[in-house]
Structure formats: C-alpha cells, structure tokens
Amino acid sequence: MSEQDQPILRVEALSKRYGDRLAVDQVSFDLWPGEVLAVVGESGSGKTTLLNCASARLLPDSGRVDFLTRHEGVVDVYRLSEAARRLLARTDWGYVHQNPADGLRMDVSAGANVGERLMALGERHYGRIRQEATQWLSRVEMQEDRIDESPATFSGGMRQRLQIARNLVTRPRLVFMDEPTSGLDVSVQAKLLDLLRTLTHQLHLASVIVTHDLAVARLLAHRMMVMKDGRVVEQGLTDQVLDDPQHPYTQLLVSSVLQP
Amino acid sequence: MSSTLSGTMGGAMSVTAAVQVRDLGKTFTLHNQGGAELAVLHGVSLEVRRGECVALDGPSGAGKSTLLKCIYGNYRTTQGSLIVGEGENAIDLATASARQQMAMRRTTVGYVSQFLRAIPRVSALDIVAEPLMEDANGDPDKLVAARRAAETLLLRLRIPVRLWSVPPATFSGGEQQRINIARGLIRPRPVLLLDEPTASLDADNRITVTAMINEAREQGAAIIGIFHDQRVRDSVATRVVNMADFK
Ligand SMILES: Nc1ncnc2c1ncn2[C@@H]1O[C@H](COP(=O)(O)OP(=O)(O)OP(=O)(O)O)[C@@H](O)[C@H]1O
Ligand SMILES: [Mg+2]
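From first to last, the protein sequence lines are chains D and H. Once you know that position 153 of the first sequence is 153 in the numbering used here, the rest is easy, because the numbers rise by one and skip nothing. Once you know that position 109 of the second sequence is 1109 in the numbering used here, the rest is easy, because the numbers rise by one and skip nothing.
Okay, chain D solo, but in the shape it has when bound (with noise of 0.2 Å):
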C-alpha cells in the first residue's frame, strides 16, 4: 500500500482514568497523511488528555497507538523503546504547546531554540544549523535579526511562532497542537491562524489540534471530533458537524456561539 492509502495516525480504544475519573473512555479515531483533526469539547472534557496519550507523552491506562514511519511501516507505539519513542516525537512529530513557554526554552537564544532538533538528530555543522534557523525564524514571519535573542523578550504572538518554528524544523509529518492560539489577542490569533493554515497546506502536515473555539476548527480543520466526558459523542466533516450538528451536545456547543 502507498502513504496515501493508510492513516498516518491511528488511535484505538485509548482510556484514561484520574483516581475514579474516566478522562479519556475508550477513543478511536484514524487520522490521514496531511490531514488535520481538530478535537473540540468544553473544558474538562478530556481533550488534552487525549492528546497526550496520542503523542505518547501520558501512557494510557488501555489502547493503542500505532503510527505509519517514514520508513519502517507501521509501529505500536508503545511497544517501541523509550528511546525511540524520544526520536520519533523530537524529529516525526511535533508538539505545540497552549504555553510557549512550557515547550520553548527561555534560557538559550531563538536560534538556539530552533536549532536544538537538529543538533537532537546529530547535525554538528553550526552554520548549517544557524542557517537553517534563520529560514524558519523568516517562515514564520519572525525578523530574522531577532535570532540571538532570547524568547523571554518576546510577546506571546512571537513565542507561539518561534515554538511552531522549534517543531517544524525537522520536517516532522505529524503534529499535535493544543490551544495553539488561545491565551492571544484577537488580531494576533488572526495572524497565527493564518500561518498554521499556510504551513499545514504547505508541508502537507497532519495535525491534531485541541481547541475550544468552533472558529479556530472551520478555519483550520477537514475533521472534526466532538468529546464529552471523555468520550466521543460526535464525528465528521467539519462543517457537516457544525451546520448540521446531531447531538444534544454539539447542538447547544454550536448555537452558543455567534456563526462559528
């Protein structure tokens, strides 16, 4: 079979339990080459427990993860080794964080920052990486004089770029997001959108993002997933779910907003 006839992603019966708390109950979802999934819900519900559990960063209680690699077929995630696991989220995945803060380093430089995947995937030649950095600094419309800078004098719009930068340098073919642009200013989360749209038609990205506004999901999804209680309670195209909702929840989600 080629690429284009299997998921990239594909997630079987994963739970979750918190004390006698079921977060995530019994999820499944495929999700294809250069497709992008937005998981939406109210907060609670049990959306980023799902993502960590997909992005092999919280080990679930039950399921299953498999991911199709560039060259090996199809692994478990979770039967591969720790170490491998590391190397597939530092170079096939990417993770971008609500908070820049907790997925850049705000010691090191931005450079440095977009560098560090590289250097994780044994590049050692400093001008390849500096150079490297600059392109994605100037990709995602960064001033690419800011490079010896540290992210810490940044604003948020700029962490949350120069995050999407430190992720997207190694070319990695799936990438879980979660609230990648809440916490920012309407006309700044408008730019961010933008670009996300841009790059993940660009790169032929797939994605998962987590979020909370209807808004973001029109804008940037093919799919969409809609959790309760940490279940699934509704699927589909993105805009078959939001101008043709059938469950009581999505149905009160959808007619809470102002035309999502």
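Incorrect hints may have been included.
[Unchecked claim] Facing chain H, according to a computed beta carbon distance under 10 Å, are these residues of chain D, among others: (1) Glu35; (2) His247; (3) Leu252.
[Stated by the list, open to error] Ranges between beta-carbon positions, derived for each pair: (4) D/Asp61 with H/Glu1215: 54 to 64 Å; (5) D/Met119 with H/Thr1152: 43 to 53 Å; (6) H/Phe1115 with D/Ala152: 41 to 51 Å; (7) D/Glu144 with H/Gln1219: 40 to 50 Å; (8) H/Pro1140 with D/Met119: 24 to 34 Å; (9) D/Ala13 with H/Gly1035: 24 to 34 Å; (10) H/Arg1231 with D/Gln259: 49 to 59 Å.
It should be emphasised that the hints constitute simulated quantities derived from the structure, not laboratory data. Glycine is no exception: its CB is placed at the ideal position from the N, C-alpha and C atoms.
Got chain D sorted already, so can you dock chain H with the ligands onto it with the hints?
Okay, now just chain H with the ligands, sitting in the frame of chain D:
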C-alpha cells in the same frame, strides 16, 4: 454504471446519472427545543445526468437549499440514498466515510453556496485559486497556472484589479457572490450545485454568470440549482423540478 467517464469532463456524455437521489428524507431534531422534529425533506427522488441543468422550484422553506446541502454532504440525510458520481467515483453519501466524502468534494461535486464564507487574511485571488492550488501539490508551474485561471475568472466577472489582493470580507454582496462563483467554477467538476448564484448581481454580471453556467453544462456538468430569477432560470434550466412534487 460506466467507469470510462469517471472524473472526465467533456467528451462523450454519460447515459447514467451523475446524481441519483432515491427516497431521500431529512428531518432535523432540535434537541434544545424539547426534541422538536422538523421533517424538511420526504421521499425525494431525482436523477440528474451530465449535460442537464435542473432548477429546483418551490416556496421559501420548501427545502431547496437543504437538498443541495445534502447532495454536497454538508447536511446528513436521515433516510434514503444519495449516489453521487459515476463509475469508480460513485459513492452513496448516506453511508460514505468522511474520507470518501472529502474525495468526492475534490473530484466530483462543486457547490456554490448562497453566501461566501470569507477566510480571514486570504486575498480574493487566493480564495478563488484555492481549489486548483490544492490539486497542485506544491508544483510551482501549477500554482502559477492556478493564479492565472483565477485572474481570468475575476476579469470576466468584472472584479476590479485593485480588489484582487484584498480579503473579500469587506466586499459588497454582489462582489462576494462573484468571488464565490469564481471559486466554485474554477475547477470543472462533473456535478455542480448552485444556490441562487445571481441573487445579488447586476444585469451585466447576471448575463455573464448565466453564460458561465451554460458553458459548464455544455462541457458535461450535471447541474442542480436554485434560480429565483425567472430570466436566469429560463436561460439555464433544461428541466424544472418542483419540491411539491415529492410530497
Ligand atoms: N441546519 C438546520 N437546522 C435546523 N433547521 C434547518 C436547518 N437548515 C434548514 N432548516 C429548516 O429547513 C427548512 C427548509 O429550509 P431551506 O433553507 O432548505 O429552504 P429553501 O427552500 O431553500 O428556502 P428559500 O427559498 O427561502 O431559500 C426551513 O424550515 C429551515 O428552517
Ligand atoms: Mg434557499
């Protein structure tokens, strides 16, 4: 069904229907209104072949737009089957996977909604070119060709050049409608759904759009549309179907 015609435009015309709606039903259940049920479509059967343009007729609220949205897969059906496309590309939207539905929109069905949904910060030109750019897979020549095709359409639809680089959110109703039409027509598809495409247009643009619809049909598209304007309907429709006939 013949498979030789799948995905091709022009050439020999198909003898099978590009759209086959059988006993379609659509009921909205409004859970937040005490579970009220709104039966909008019931027993709708319709076949449309390539080279035909069917005008849907009926009073406001009869379900004309709802039927188009079902055929595009924007609304889910509650009953019956809805087969779109021919040969290998034919799928039943009532049972198709999300992935099949996305492929169907890419290869088979174009839809011009009544109102443009502008994308923030994206220029009019790029909005129009986007369906072709998606097909380009990053090929620079194809990207240039996509922009050219968009420019040609914008010129034909009399959108002033100074507006091409502007996001259409601030455009007039008629300008937005023309952007929407250009986007819907830029990539010829075997099935075309049009929801009042000329409602906000002046006489000259109405004539242009009428001509474009007829060209698409002559090139082999199966068209289903809602045309309130009697003149437009008379000049594009090869058949009129009244929603009341289904009841
Ligand atoms: N997403 C929806 N949820 C609930 N009800 C809907 C939805 N979409 C349409 N309806 C209802 O379905 C009925 C048919 O609407 P539709 O828009 O299809 O009519 P129409 O024939 O296109 O009318 P018009 O000529 O005024 O455009 C209306 O009563 C409308 O309120
Ligand atoms: Mg209508």
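Each hint tested on the structure:
1. A hinted interface residue such as D/Glu35 counts as satisfied when its beta carbon comes closer than 10 Å to some beta carbon of chain H; here the least separation is about 8 Å, so the hint holds.
2. With a least beta-carbon distance of about 8 Å to chain H, the hint placing D/His247 at the interface is held under the 10 Å criterion.
3. Contact between D/Leu252 and chain H, as hinted, is supported at the beta carbon level, the nearest pair being about 6 Å apart and thus within 10 Å.
4. Checked against the hint of 54 to 64 Å, the pair D/Asp61 and H/Glu1215 passes, with Cβ atoms roughly 60 Å apart.
5. At roughly 48 Å, the beta-carbon separation of D/Met119 and H/Thr1152 lies within the given 43 to 53 Å, and the hint holds.
6. Checked against the hint of 41 to 51 Å, the C-beta distance between H/Phe1115 and D/Ala152 comes to roughly 45 Å, which is consistent with it.
7. At about 48 Å, the CB distance of D/Glu144 to H/Gln1219 agrees with the hint of 40 to 50 Å.
8. A hinted range of 24 to 34 Å for the beta carbons of H/Pro1140 and D/Met119 is consistent with their spacing of about 32 Å.
9. Checked against the hint of 24 to 34 Å, the pair D/Ala13 and H/Gly1035 passes, with Cβ atoms roughly 31 Å apart.
10. Range check, H/Arg1231 to D/Gln259: Cβ separation about 32 Å, and the 49 to 59 Å hint is violated.
Checked against the numbered hints above, the structure violates only hint 10.
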